[in-house]
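Which chain is which? The protein sequence lines are E and W, in order. Note that this note's numbering has the first sequence beginning at 1, numbered continuously upward. Note that this note's numbering has the second sequence beginning at 1001, numbered continuously upward.
FYI, nobody ran anything at the bench for these hints, they're computed from the structure. Just so you know, even glycine gets a beta-carbon here, dropped at the ideal spot from N, CA and C. Take the hints with a grain of salt, since some may be wrong.
[To be verified] So the derived list for chain W, only partly shown, Cβ under 8 Å to chain E, looks like this:
| # | residue |
| --- | --- |
| 1 | G1067 |
| 2 | L1068 |
| 3 | V1076 |
| 4 | I1078 |
| 5 | G1090 |
| 6 | G1094 |
| 7 | K1096 |
| 8 | F1107 |
| 9 | N1110 |
| 10 | L1111 |
| 11 | A1130 |
| 12 | L1132 |
[What the hints assert, rightly or not] Coverage of chain E stretches by chain W, computed from C-beta distances (three or more under 8 Å per stretch; other residues unrestricted):
| # | segment |
| --- | --- |
| 13 | 164-175 |
| 14 | 199-209 |
[What the hints assert, rightly or not] Facing chain W, according to a computed beta carbon distance under 8 Å, are these residues of chain E, among others:
| # | residue |
| --- | --- |
| 15 | T3 |
| 16 | L82 |
| 17 | L84 |
| 18 | T85 |
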Amino acid sequence: MNTFFILVGRDLRLSVRHRADTVMVAGFFAITVILFPFGIGPEPGILERVGAGIIWVTALLASLLSLDHLFSDDEQDGALDLLLTSPAAPTLVVAAKIVAHWLTTGLPLTLLAPILGVTLQMPVGSAAPMMTALLIGTPTLSLIGAVGAALTLGARRRGILMPLVVLPLYIPILIFGVGAIDTASMGFDAGGLFAVLGGFLLIAAALCPWAAAAALKIASE
Amino acid sequence: MTGFAMVPAMSNQTQSSVTLNVSNLSARRGGRTIFEGLSFELQNGQSMAVVGPNGSGKSTLLRVLAGLLRSETGTVQINSYNTQDICFSGHRDGLKGALTVHENLTFWANLYSAAENAVETAISLMALEAVLDMPADMLSAGWRRRAGLARLALGTASIWMLDEPYTALDTENVTRIDNLLSAHVESGGIALLATHQAPGFTPTQRIDMANYRAKAPEEPEMDW
Chain E
1 MNTFFILVGR
11 DLRLSVRHRA
21 DTVMVAGFFA
31 ITVILFPFGI
41 GPEPGILERV
51 GAGIIWVTAL
61 LASLLSLDHL
71 FSDDEQDGAL
81 DLLLTSPAAP
91 TLVVAAKIVA
101 HWLTTGLPLT
111 LLAPILGVTL
121 QMPVGSAAPM
131 MTALLIGTPT
141 LSLIGAVGAA
151 LTLGARRRGI
161 LMPLVVLPLY
171 IPILIFGVGA
181 IDTASMGFDA
191 GGLFAVLGGF
201 LLIAAALCPW
211 AAAAALKIAS
221 E
Chain W
1001 MTGFAMVPAM
1011 SNQTQSSVTL
1021 NVSNLSARRG
1031 GRTIFEGLSF
1041 ELQNGQSMAV
1051 VGPNGSGKST
1061 LLRVLAGLLR
1071 SETGTVQINS
1081 YNTQDICFSG
1091 HRDGLKGALT
1101 VHENLTFWAN
1111 LYSAAENAVE
1121 TAISLMALEA
1131 VLDMPADMLS
1141 AGWRRRAGLA
1151 RLALGTASIW
1161 MLDEPYTALD
1171 TENVTRIDNL
1181 LSAHVESGGI
1191 ALLATHQAPG
1201 FTPTQRIDMA
1211 NYRAKAPEEP
1221 EMDW
C-alpha cells in the first residue's frame, strides 16, 4: 500500500508544479458550460431541462483533455521505463496514476459543477444529486480513460485517436449520470440510478487498471 | 498488494545465487530480426560489456532483458532473492523536470524501499550537492545523467542494466560511475553495460552483437 501512496504522491506533487494544467481543465469546463446559456438563450425552462446533460457532456470532454498526459509525460522522459522495471507492479503504477488523475480532474469538476449549475438555472435542489452523480461517475471516466490513454500511447494523432476510443465507452455513464440528476431533481427516488453508476465504477475499478497495464506493456515496445 | 516486503540490502556481503540466464534469445523490431541465437550466463560478481556497431541491437537486448520488450524466441531467467531484481537505465534519465534533483532521488529511494540514508549516500557518490535544489529541467546534459545514474546507488537491485551510461559525462564522472560499478560487482551484483568505452571498469565478459546478427537478412518492411 505504501508503494501506492508514494506513486500517487509523486503525481500529485507534479500536478502542483504544473498547476496550470489542472486550472486549464477546470477553466475549460467552466467556460464551455457558460457558453450554453449564450447559445441557447436565457429561457428558464429549456436550460433547466438540458442542464444536467450539458454538465455531464462537458465533464466528459474536460476529463479527456488531461488524459493526454496521463502516460505520455512519463513515456517521453523515460520515467515510464523505469517505473515498469521498478519493484512496483505495473497495475499498481497505473492505479496510482488513475487516482492522481481523478484527484486533479474529476474532483475539481465535481466541486465546480453546482456553481455552474446556477448559470444553467438548475434548481437549488439539484446540486446535491449532481455532485453525488459526478462523485461516483468521474472516477469511472478516469479509469476507462486510462485504458484509452495506454492503448494510444505512442500513436501518431493520439489527440484524435484517444477520444474515438474512449468517448463511446463513456456513453453508459453519461446516460445514467444525467438520468440520476434529472430524476433526483424532479423529486423522485434516484437510488437505483446511483447504484448503477456505482456498479459501473466497481466494474471499471476491477478491470481497467489491469487492462491499462497490459496496454502500456504493448505500447512501450 | 505486490509482495513488497522489505529485504535488507546485502550490499557488503556476498549475495547468494544471483544468476541471469539467457538462452537462444532473438528479438524482432519493425519486422526485422535484430539479433538471434544469443545465449550467456552471468553469476554473482560478473559483469558484461555489450558492444557492437550502431544498430546492432545493444539497446534492444537490454530492453528485452529488462522485460520492456518481448523476445521473439528464447528465455531470460533471473534468479535473485531481492525484491528488486533489476535496475534499468536507458538513454533517457527518467528525471521529472518539474521536481528538484533531491525530490527525484527521494521518490526513487521510497519506491525502491531504500535504506534511510541512501539518498545522502547517492548524492555524495555522484557529487550532486550543488544542484540538489534545482529543478531537473534546468540541468545540463551531464548533470542530468549524473542525477539519473545516482538512482543506481539507491536501490538494492542485484542486476544493473545500463544503456550507454557514460554519455555526456566528463572523465571525473566516468570514474564515479566506474567506482559505482566496481563496488556493485564486488558486493556480488551483476552488471550489464552497453557501451563503447569502459575506461576504469573492465567487465569480466564481453559480448559482440555483431556476431548475433540474423543470418539471412530480410527485406525491411517499408513504412509507407
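Evaluated hints:
no.: 1; hint: G1067; result: holds (7 Å)
no.: 2; hint: L1068; result: holds (6 Å)
no.: 3; hint: V1076; result: violated (13 Å)
no.: 4; hint: I1078; result: violated (12 Å)
no.: 5; hint: G1090; result: holds (5 Å)
no.: 6; hint: G1094; result: holds (4 Å)
no.: 7; hint: K1096; result: holds (6 Å)
no.: 8; hint: F1107; result: holds (5 Å)
no.: 9; hint: N1110; result: holds (5 Å)
no.: 10; hint: L1111; result: holds (6 Å)
no.: 11; hint: A1130; result: violated (21 Å)
no.: 12; hint: L1132; result: violated (16 Å)
no.: 13; hint: 164-175; result: violated (count 0)
no.: 14; hint: 199-209; result: violated (count 0)
no.: 15; hint: T3; result: holds (6 Å)
no.: 16; hint: L82; result: holds (4 Å)
no.: 17; hint: L84; result: holds (6 Å)
no.: 18; hint: T85; result: holds (4 Å)
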